[in-house]
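S.K.: Each chain, letter by letter, is given below.
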Amino acid sequence: MYTSELKKGVNLHIFSTDKFQSITMCILLRLPLKRETSTANALLASAFMQGCAEYKTRRHIERRLEDIQSVLSFNILKKGEEHIIQLFVRTLPEYFDKAAELAGDILLRPLFNNEEACRRELEATISSLVNDKRRYAFEKCIENMCENEAYGISGDGYIHDINSASLHMHYNYVMQNAKTDIMIVGNINEHKAEECIRHSIPLEGTDASFEPCNYLYYPPSIKEITEEMDITQGKLCVGLRLNTDPSGDDWYKAVVANELFGGGASSALFNKVREEDSLCYYITSKLLRFKSIMVIEAGIDSKNRDKVLDIIMSAMQNVSDEGIENAKKSITDSCKIAEDKPESIMDSFLGSLIAGRAMTLGETAEKISNVGDIDGVFDDCHIDTVFMLSGGGEAQ
Amino acid sequence: MTDIISKRLENGAMCYILPKKGYNEKEVMIAFSYGSSDTEFFDENGRVKQTRGIAHFLEHKMFEEKDRNIFDSFSALGLSANAYTDFNTTAYYFSGCENMEKGFDLLMEMVGSLYLTAENIDKEKGIITQEINMYEDDPYWQIYFNTLKAMYGRNPIRYSIAGRAEDIADITEEELKKSYKSFYTYENCAVIVCGDVECGAVTEQAEKLKLGSKRVERAVCEDDIYKREYSVHMPVEQSLYHIGYRADPKISIEDRICISNVITDLLCSPGSGLYERLYDKSFIDSGFGYEVLQGKDYGCTLIKGEGNNYRGIAEEIDSEIKNMLSSGIDIGDVKRAAGRLRTRMLFGSENISSIVSLTADCFSKNTEVLDIYDNYDKIDVDDVMLFLKKQFSEDNRVLSTVQKA
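Chains as they are written, first to last, in this note's numbering: chain E, 705 to 1100; chain G, 133 to 537.
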């Protein structure tokens, strides 16, 4: 792996490999997640594609992309307490220079020529959250759980703020204050790529620094929230505070324990709640690393809420080392498998940057291999919020 | 584009090897050209009509073994296993980095036998009912099947893959056995292996596969549009819509796939004039898109999005089609669209799980991934014009919506 500091706060990371026929590049504009800027960030992410100095409209940009056999898109990511505007490019080696030029033009000389359309589009995105009941329950659980922390802020923004955000002003703010990481994966000469990026995407640099994410929290009591909706299957979402340092070695213990507890089709939760008790189709637990949070999600009959919750709690108290070697193997293999996907290579590296400890997938796998046991891993773990999206099933 | 080596095995099954030099991951899939739409067929005793959702139910039951949990056996090898059922395919697969030969044996063992008890069938009904309930609440899933329902009066693709809770309640051991015997055969089977693997070793091992060789004839369904408009209410904030066009399944599947994609790309991609007009009028947003679904005896193109202006959008599409038909299409535009679609296929082929699933899908539909990829190069203006005129007419169109409750 090759890393170079292009300017202060602007870093280039190249993962050179001949595995892929394509080249993938991400430009990540990293900002602190704040209520005042979350909507404007989301707006900006959707506004970039509307045109730039050389290619005046969306249509011109798309035409250009066809000519250079590339795809380019913008996304908004919420990772820990960072809010990230991501420019994603996939292209072929022979068009890399041209794709970088286009990315530079879009990023540095944007024309926000249809602000209204962006606002309308963002409103549609925010209001469509309810269409995905599982994600809706998840977002509601986190919003309530972290109501006094930055992590409780929505990454999609707020309908209420859509009209007050100023795109141009906010663009200037972002370009001056975002820490930027550029990642490239593919068969590419590192020095030529660096030269090309310096030339085509000359970013200014920034002195901005971020507060590290606070991960310690002891909930004074359990928040129990139930929302009614006209649905057939209830969605249970339980948020717990692990209080484990996400950049310490104990974190990897938690990763292994999570795999055993609710990670997949061999986990305790899957075997108990689905296979033995036939109470659900899906039940999983996952870790939100930077906040040291565990979230358990299940789709169940609403009337079974308390029953499922009891099973979850007793499974948690009884989580054991049995099958630990399989669990570790499964995680280390998934690290290796992630090396076959450019998106995963970049995502994992970004995660380690946010945790303040740059690590490759190989190094993460090694940490997992070194986990000896999971003793005491959930000792400091407390339920914070139980969110239930409830409806249907009650009449039985 | 990725290499695909295909070979008919001596036992009669097809074998596809997709070499991925330097990749750590390997995936092995055993796929059957048997899916939710194969509920009617003919065997030695005549016409058989099975319960909706049976193929998917059987998929769940294949994981059941007498003395062990098969997921745990895969996991003990460091492999993760899964399966899916769609209209035409049931596929079992696992992926991992090591122990591939052992996993392959295990997978062959799994699909080569069926272990059923009244108790384990009952237990599965509870799990699948929860799966069905999950889809019930998913407006994207609902609109998808409503569109197909509107488009097809009888073809079984109009029914949800998992069936309804009341359908699967009646599924019995006998019925599952019949389905297994009728379709889990060599001629319906494809073994697909992707990763940094050695070809000879794969085919040699695949010869060990033990399946039945019964032959059944599938019922072919021809029918008409059922309803021009289909609308339901659900808890959504803004309406979801599908504008669907039926295609004639008598046209070759490669042409249907490539030409439908080229046409919808010309019409609806963000680089098109129509997209720009619709966007400027505030009719659409970035959720606007399309999907092409083509099978042996069905086929359609779905233009979809969210918002309340679907009638206006349908009108604009109509007038754009009329305009294309009267003033013609530029060959340069057709080539650009075809090139874009080929690039997208190439990018997709770098992802192991997506290229493996695509290979299985093509197998079930009697075609090959590379035939489709190559066919994009052959599409010319006359093909596009003829297809546009015949398949994208108002007669072939349905409108399906989910509206705010």
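Since the hints were made in silico from the structure, they are not lab data.
All figures in this text were calculated on a predicted structure; none of them were measured in a lab.
We put the CB at the ideal spot given by N, CA and C, even for glycine.
Mixed in with the good hints there might be a few duds.
Claimed, not checked - Partial list, derived from the structure: chain G residues whose beta carbon lies under 10 Å from chain E:
1) 157
2) 199
3) 216
4) 244
5) 245
6) 255
7) 277
8) 385
9) 387
10) 403
11) 468
Unchecked claim - The calculated lysine-lysine pairs, modelled on DSSO-like cross-linking and capped at a C-alpha distance of 30 Å, are:
12) E:1071 / G:153
13) G:510 / G:497
14) G:234 / E:1071
15) E:1007 / G:536
16) G:536 / G:139
Said to hold, decoys possible - Here are some of the chain G residues that sit facing chain E, going by a computed Cβ distance under 10 Å:
17) 136
18) 206
19) 214
20) 238
21) 258
22) 269
23) 331
24) 332
25) 335
26) 337
27) 369
28) 483
S.K.: Now, for every hint given, state plainly whether the structure supports it.
M.R.: Results of checking the hints against the structure:
1. 157: 4 Å, holds
2. 199: Hint on residue 199 of chain G: violated, closest Cβ of chain E at ~15 Å, above 10 Å.
3. 216: 13 Å, violated
4. 244: 21 Å, violated
5. 245: 19 Å, violated
6. 255: 5 Å, holds
7. 277: 15 Å, violated
8. 385: Because about 26 Å separates residue 385 of chain G from the closest Cβ in chain E, which is outside the 10 Å limit, the hint is violated.
9. 387: Since the shortest Cβ distance to chain E is 22 Å, the answer is violated.
10. 403: 3 Å, holds
11. 468: This interface hint holds because 5 Å falls under the 10 Å limit.
12. E:1071 / G:153: 27 Å, holds
13. G:510 / G:497: Holds, at about 20 Å.
14. G:234 / E:1071: With a Cα-Cα distance of about 27 Å, the restraint between residue 234 of chain G and residue 1071 of chain E holds, given a limit of 30 Å.
15. E:1007 / G:536: Holds - the C-alpha atoms of residue 536 of chain G and residue 1007 of chain E are around 26 Å apart, at most 30 Å.
16. G:536 / G:139: 51 Å, violated
17. 136: 15 Å, violated
18. 206: Result: holds, 8 Å to nearest chain E Cβ.
19. 214: 7 Å, holds
20. 238: 14 Å, violated
21. 258: 3 Å, holds
22. 269: Where the cut-off is 10 Å and the nearest Cβ of chain E is about 4 Å from residue 269 of chain G, the hint holds.
23. 331: Hint violated; residue 331 of chain G Cβ to chain E Cβ min 19 Å, cut 10 Å.
24. 332: 23 Å, violated
25. 335: 23 Å, violated
26. 337: At 21 Å from the nearest chain E Cβ, residue 337 of chain G fails the 10 Å test, so the hint is violated.
27. 369: 4 Å, holds
28. 483: 7 Å, holds
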